[in-house]
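Q: Dock the two chains into a complex; use the hints.
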Amino acid sequence: MKEIVRVAAGQGFWGDDLDAPRRQVEGGQIDYLMLDYLAEVTMSILQKQRERDPSLGYARDFIGAMESILPAVLEKGVKVVANAGGVNPRACAEAVRSVGAQRRGSKLRIGVVTGDDLLGRLDDLMTHGHPLANMETGEPLSSVKDRVLSANAYIGSEPIVEALQGGANVVITGRSTDTALTMAPLRHEFGWGAESWDQLAAGIVAGHIIECGAQCSGGNCLYDWKSIPDLANVGYPLVEARADGTFVVTKHPGTGGRVSVPTISEQLVYEMGDPHSYITPDVIADFTTIRLAQDGENRVRVSGIKGKPPTDKLKVSVAYRAGFKAVGTLVYAWPEALEKAQAADRILRERLDRLGLKFDRVLTEFVGATATHGALAGERRDAPEVQLRFGVRGTDRAAVERFTREIAPLVLNGPPSVTGFAGGRPKVEEIVAYWPALVDKSVVKPKVEIIS
Amino acid sequence: MKVRLLDIAHARSGDKGDTANVGVIALQPKWYDVLDQFVTRTRVADHFRGMIEGEVERYELPNLNALNFLLHGALDGGGTLSLKTDAQGKVFSTALLRMVIDVPDAEAKRLALPAAK
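Sequence lines, in order, name chains P and H.
Taking this note's numbering, the leading residue of the first sequence gets 1, the next gets one more, and so forth.
Taking this note's numbering, the leading residue of the second sequence gets 1001, the next gets one more, and so forth.
Looking at chain H on its own, in the form it has when it is part of the complex (with noise of 0.2 Å):
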């Protein structure tokens, strides 16, 4: 089943330097590990491509049910050097969210998993 990234969490996005961060959030524990099965390096690194520069990070943090990625050169030299509207990577949260992932069937059922529109 396909999944839409904003139907199961929520996001905030910041900067450090030419780096952009996005900690994403399952909106119910129980769908963390499907953020984290899913939700790998790379399909956020394919998802961005063309958009970021560099490489992406990976981080974990089960205790608050999130995911943290770093996008490496996102920002086009970042703060006062950046042409760009969001030059400090504040809506990098929301074009995360929307990632579909395809979730097999019977685990999409079990989780109780909205189904993408």
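Excised from the complex, chain P in its bound form (with noise of 0.2 Å):
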């Protein structure tokens, strides 16, 4: 057994830093590259690119990340483990190889792990005492039934701790946990059995730190934030794990950005619920019980990890459709920069309300006064300039349409020293709504299949 196993985050989300991956496997030594693409919208998202294409549906980002790690993947043996295959893990898998094809001698293993995609099991499942209720509102699924676009269960570490022990060197899966791709090569490692609480949960919480990639070291964090150095060149975070669940989390020498105690602390209070209660599908991990501290620059040592067996259910997230918005915005600069845009909204009500038109929201910011912050901000009477942003949102998608036609008139015939509408008409956007809910652990059954 390792003395000591290496997990480096890769990416964060879709959309994060497309070098992040290759920095990682050639910064420095380490044996596993995890990957987290998948957000709660982004399955919904896959979906439609299935729908229009077979072949498609999962992180396409992936495939390139793989090119530009490949020689690290075949010539150093660093392993791969990516929730990349969003929808469609198989032709995912597909992709990778033939991107490994591509190299003589190419020593691919790729575990494949599918089982989390309920869509074509809803109606069976919910015949079958499975009401996969609302977890925020508890109204059944069936309320939106006919509108589902993707189903998916959150599953676990198992099925990626036998993809590695089957051999992979690349584990693709779908809708898995976050935290299990950085949990399961360290449970795989270090043969922690399925009540190893406290070991599991530490895996967990590694897994929670680096699963947001930069967030962790030095990105986004508002302690000291204007210290940081060299945030163009910010080193993504990595952990070094050992058989007990303490770790250290680093990241590569010659980088920027930091890890420190209050980098870490920021990571960790990050989308948190009730900190006593960390669930996942392996393990319930106890955020109370997380000791820091510094060990050496750069370097943060977790340890003290409690953790609980888990429930027995698994969390669904189903995305539906559900109505359109749009949202416009104009600029109006000094003097009065703020009232000019409150007349400027008072009058688009107005118009909007006289051409009958229903939406279940209208809202309105004024972007640089009160927008986040709201009343908390206090008066901006002088500011230089205020950005009016108007946005609805109905089930009408004619009435959201009509919409976006009033702004643009408002430049000509509304308040004065009003700009910033280059941009055309805003875009009218389906809205993908997200169904949190729950299922019986026993109805999912996660497989598994190696390609060689």
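Hints are supplied without guarantee of correctness; some may be wrong.
What the hints assert, rightly or not - Restricting the straight-line Cα-Cα distance to at most 20 Å, the calculated cross-link-like pairs of lysine to aspartate or glutamate (EDC-like) are:
id : chain 1 : residue 1 : chain 2 : residue 2
1  : P       : K2        : P       : E189
2  : H       : K1084     : P       : E271
3  : P       : K313      : P       : D124
4  : P       : K441      : P       : D123
5  : P       : K306      : H       : E1060
6  : H       : K1090     : P       : D274
7  : P       : K226      : H       : D1007
8  : P       : K313      : P       : D123
9  : P       : K358      : H       : D1076
10 : H       : K1084     : P       : E430
11 : H       : K1084     : P       : E158
12 : H       : K1084     : P       : E40
13 : H       : K1030     : P       : D224
14 : P       : K308      : P       : E449
15 : P       : K427      : H       : D1086
None of these hints come from the bench; they were simulated from the model.
A: Have a look at this one:
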């Protein structure tokens, strides 16, 4: 057994730095590269792509990443774990295989994890006593069933461990939890059992820390932000883990950013609910047991983590069509920028009323004054400019479309000192909303295949 | 003495559906007790009145010198439904750090807390 296993993060979401995976495999020694591509809404975007072309539906950035890291995978033995499979892990694996096939003597063994996709099983599940009720509102899924685009269970570390045990050096999953991508390699290497609660929880905490990429190593860090060096060359994080569940978070030498107790603390509280119960399919981690200590420059030691048995449910993420929205903006300049923007808002609302347009929601924000901090921002009477940001949402596409034609006229027939409309009419966007639910673990059966 | 949270804490926020979370972390371990004592659930609910529609929950993480607040109904429906600039609650963090708390002078002096300007 290795004494220390290094897992590096190379992607915090689909759209993250394209070059980060390569820099992680070339910048220093690592054993695993984990790449997280899936946010809540990503699955529905991928589902739409697969509807148009059955060979798509996965995170295509991953194929470029694989090309750039292939030498490291083949020559240095770095293994890759990614949830890039989206709603079509097999097609993703096929695409990776053809990248590998371009190199002679390539020894790619691709593990493909499926079984998270519940879209084709929804009717069956609902008629067999699984209402998939919305966790926030309690409504049964039947109320939006005809508008569902994708439905995936968040699956845990076990199938990834199985793929690694089967000799895979690239593991592609669909909707795995983000944290499992880090925990599974550690569980595999150290042979942690299914009831090694503290170690499994430690693996989950390691995953939580690095799953957002550079957001734990100096990116988006408020603490002393001006002193964080060289974010242009920010080092993405990696963990050096031991069999007892302790680990050090660090980054490659010669990179920018910072790994310190404050940068890690900020990431630990990110998107946190009840810190006593960070629920995953494998274990419930208790974030109130985490101990952090600086362990040299850009090294933070993490220890003390406790875990307890998980529930018998898995979280399910359902995406469904939920109407349309459009947001239009105009910029008003000094003097009295805010008053001008407020007057334009009143005029626009009156015109929309007169047109008889009905929306579920109309929201006005004044960017530069109160958009993000509301009344807490205080009076900004002398602002050099204020952006009027006007949004509508509704189920009637035609009404939303009509609204988009009401912004531009204000330039000539509304309050003065207005600019910033060069982008043209706002775009009507179809809303794909997210429906969180739970399902019995027993009905989700992950499958693992190895493709050589 | 009046103390502004920005001068004694840092913070990060994020989302879960229509709920924003704000984790607020003391800049010095000895200041955690001040956060614990004065940044109460009610105080935070008052601070965000008019900005959020639901309840506020508070959790303590003394191990990280941090408090975690859940602000329900903060994101205009959340995620893709939201029409807000800050649909994912990313900057509720600094909005909370605008809070000014009243700390008894003796305690403020003992802990060397910076006074709000």
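Q: Honestly, which of those hints from before does the structure not fit?
A: 11, 14
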